[in-house]
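Asker: Chains A and B supply the protein sequences, listed in that same order.
Taking my numbering, the leading residue of the first sequence gets 37, the next gets one more, and so forth.
Taking my numbering, the leading residue of the second sequence gets 3, the next gets one more, and so forth.
One thing to keep in mind: the hints can contain errors.
[Said to hold, decoys possible] On the chain A side, residues computed to face chain B include the following (Cβ under 7 Å):
1) S67
2) G78
3) L79
4) F110
5) S131
6) N139
7) V140
8) F143
9) G144
10) A145
11) G146
[What the hints assert, rightly or not] Cross-link-like lysine-lysine pairs, in silico, DSSO-like; alpha carbons within 30 Å at most:
12) K58(B) to K73(B)
13) K58(B) to K70(B)
14) K44(B) to K114(A)
15) K44(B) to K104(A)
16) K115(B) to K58(B)
17) K115(B) to K44(B)
18) K60(A) to K104(A)
19) K60(A) to K44(B)
20) K104(A) to K114(A)
[As the list claims (entries may be wrong)] A few chain A residues that don't get close to chain B, going by computed Cβ distances all over 12 Å:
21) V48
22) T49
23) E50
24) G52
25) N66
26) E80
27) N86
28) P106
29) A108
30) K114
31) P117
32) P120
33) R121
34) P132
35) V151
If you are wondering where the hints come from, they were derived from the structure by calculation, not from laboratory data.
Quick reminder that beta carbons are idealized off the backbone N, C-alpha and C, glycines included.
Chain by chain, the residues:
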Amino acid sequence: DAGVIQSPRHEVTEMGQEVTLRCKPISGHNSLFWYRQTMMRGLELLIYFNNNVPIDDSGMPEDRFSAKMPNASFSTLKIQPSEPRDSAVYFCASSPGLSSGANVLTFGAGSRLTVL
Amino acid sequence: GENVGLHLPTLSVQEGDNSIINCAYSNSASDYFIWYKQESGKGPQFIIDIRSNMDKRQGQRVTVLLNKTVKHLSLQIAATQPGDSAVYFCAENGGSSNTGKLIFGQGTTLQVKP
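Using the sequences plus the hints, can you model the full thing?
Answerer: Structure representation (C-alpha cells):
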C-alpha cells in the first residue's frame, strides 16, 4: 500500500485565493482526519469523517474552511478565501475506523501551505 | 480544559545512551495513549500505543510507561541511534473511545549526538 497520499506537497498562494488540498486514504480505512500543524499551536484536529460522513468538525477554524469526502478514497480540504494566518502544514490521516476499536492513525506526508 | 503537554521541548543524548521522553496529560477520562515520531518534512509516524488497563508496553527498542495516578506518560528508547533524531509527540484520546480522535501534545525534539 502506498499509504496516505496528499497533494499538493507545497503550495504558495496569495491572500484571497482559494486553496484546495487533497487526500487519498489507505484503501479499506473507514476514518479520515484532517490536522493542521503550526509551531505555535502544534497538531490540531480540524475535522474527521467516518464512512465518508463528517463526525466532528468542531476544530474547523471558521467558515472559510470546508471539507468533503465524496467517496471512500478521496477527501478535500478547501480554504476560501485564504489568509496569511492559514499558512501551516496540513496533514491527512486515516485509520481502520470506529468498529475496529483501533485508534492508530496513519499520516500522509502533509501539504505545506504558504499564503502571502 | 484538555491538555497534553511535554515537560522538555528539547532532549539531547549521546548515541548509544537511553532516551526518556516525558508527557503529562490532564484528562483523566483518556484511556488510550500513543506516541508518534516526526522527522523533518514528513508526517508523524506511529511508534507505540498503550491502553489505560496497562502500565507498561514494550516494542522494539522502545517502551512506553503509563502512570495514571499522576497522569504521566513516558517513552523510553534504548541504545539511541542517530536515526532516532526527530520530534516525538504523545497523544491521548480524551476519553473518546473508538472514535479515532487524538489530541496531540506539543512535541519534544530529540537530538542524538554521534
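Asker: Please go over all the hints and tell whether each is borne out by the structure.
Answerer: Now the hints, each set against the structure:
1. Interface restraint check: S67(A) against chain B, minimum CB-CB distance 5 Å, threshold 7 Å, status holds.
2. For G78(A), the shortest C-beta to C-beta distance to chain B is roughly 5 Å, which falls under 7 Å, so the interface hint holds.
3. Hint on L79(A) holds. Least Cβ distance to chain B is approximately 4 Å, under the 7 Å limit.
4. Taken as an interface hint, F110(A) does not check out: its beta carbon lies about 18 Å from the nearest beta carbon of chain B, beyond 7 Å.
5. Taken as an interface hint, S131(A) checks out: its beta carbon lies about 5 Å from the nearest beta carbon of chain B, inside 7 Å.
6. At about 5 Å, the closest approach between the beta carbon of N139(A) and any beta carbon in chain B falls short of 7 Å, and the interface hint on this residue holds.
7. Nearest Cβ of chain B to the Cβ of V140(A): about 5 Å, under the 7 Å cut. The hint holds.
8. Interface restraint check: F143(A) against chain B, minimum CB-CB distance 3 Å, threshold 7 Å, status holds.
9. At a threshold of 7 Å, the smallest CB-CB gap from G144(A) to chain B is about 5 Å, leaving the interface hint in force.
10. Checking A145(A) against chain B by beta carbon gives a least distance of about 5 Å; that is within 7 Å, so the hint holds.
11. The beta carbon of G146(A) comes within 5 Å of a beta carbon in chain B, closer than 7 Å, and the hint placing it at the interface holds.
12. Taking the CA atoms of K58(B) and K73(B), the gap is about 14 Å. The hint holds against a cut of 30 Å.
13. With a C-alpha separation of about 11 Å, the suggested pairing of K58(B) with K70(B) holds against the 30 Å cut-off.
14. Between K44(B) and K114(A) the CA atoms are separated by roughly 22 Å; this keeps the pair inside 30 Å, and the hint holds.
15. Only pairs whose Cα atoms come within 30 Å are accepted, and K44(B) paired with K104(A) is accepted, the gap being roughly 24 Å.
16. Straight-line distance between C-alpha atoms of K115(B) and K58(B) comes to about 28 Å, which keeps the hinted pair within the 30 Å bound.
17. Among the hinted pairs, K115(B) with K44(B) is consistent with the structure: their alpha-carbon atoms are about 21 Å apart, no more than 30 Å.
18. Annotation: proposed proximity of K60(A) to K104(A) holds, straight-line Cα distance about 12 Å (limit 30 Å).
19. Between the alpha carbons of K60(A) and K44(B) the distance comes to roughly 16 Å, so the proposed pair stays at or under 30 Å and holds.
20. Distance hint between K104(A) and K114(A) is fulfilled; the C-alpha atoms sit about 8 Å from each other, no more than 30 Å.
21. Consistency note on V48(A): stated as away from chain B, and its beta-carbon is indeed over 12 Å from all of that chain's, at 16 Å minimum.
22. For T49(A), the shortest C-beta to C-beta distance to chain B comes to about 20 Å, beyond the 12 Å cut-off, and the non-interface label holds.
23. Listed as outside the interface, E50(A) is consistent with that label: its C-beta sits roughly 24 Å from the nearest C-beta of chain B, beyond the 12 Å cut-off.
24. Consistency note on G52(A): stated as away from chain B, and its beta-carbon is indeed over 12 Å from all of that chain's, at 28 Å minimum.
25. A beta-carbon of chain B is positioned within 12 Å of the beta-carbon of N66(A); the least distance is around 9 Å.
26. For E80(A), the shortest C-beta to C-beta distance to chain B comes to about 8 Å, within the 12 Å cut-off, and the non-interface label is violated.
27. Taking the minimum C-beta to C-beta distance to chain B, about 8 Å, the non-interface status of N86(A) is violated against the 12 Å cut.
28. Look at P106(A): its CB is around 20 Å from the nearest CB on chain B, clear of 12 Å, so calling it non-interface holds up.
29. At the 12 Å boundary, the C-beta of A108(A) stays outside the reach of chain B, the nearest C-beta of that chain being 15 Å off.
30. Interface exclusion of K114(A) from chain B stands, the closest Cβ pair being 20 Å apart, more than 12 Å.
31. Non-interface status of P117(A) relative to chain B is upheld: no Cβ of that chain comes within 12 Å, the nearest being about 27 Å off.
32. Non-interface status of P120(A) relative to chain B is upheld: no Cβ of that chain comes within 12 Å, the nearest being about 22 Å off.
33. Distance check for R121(A) against chain B: the nearest CB is about 19 Å away, which clears 12 Å, and the non-interface claim stands.
34. In this structure P132(A) is not separated from chain B by more than 12 Å, as the shortest Cβ-Cβ distance comes to only about 9 Å.
35. Every CB of chain B lies more than 12 Å from the CB of V151(A), the least distance being 20 Å, so the non-interface label holds.
In terms of the numbered hints stated before, the structure departs from hints 4, 25, 26, 27, 34, listed from lowest to highest.
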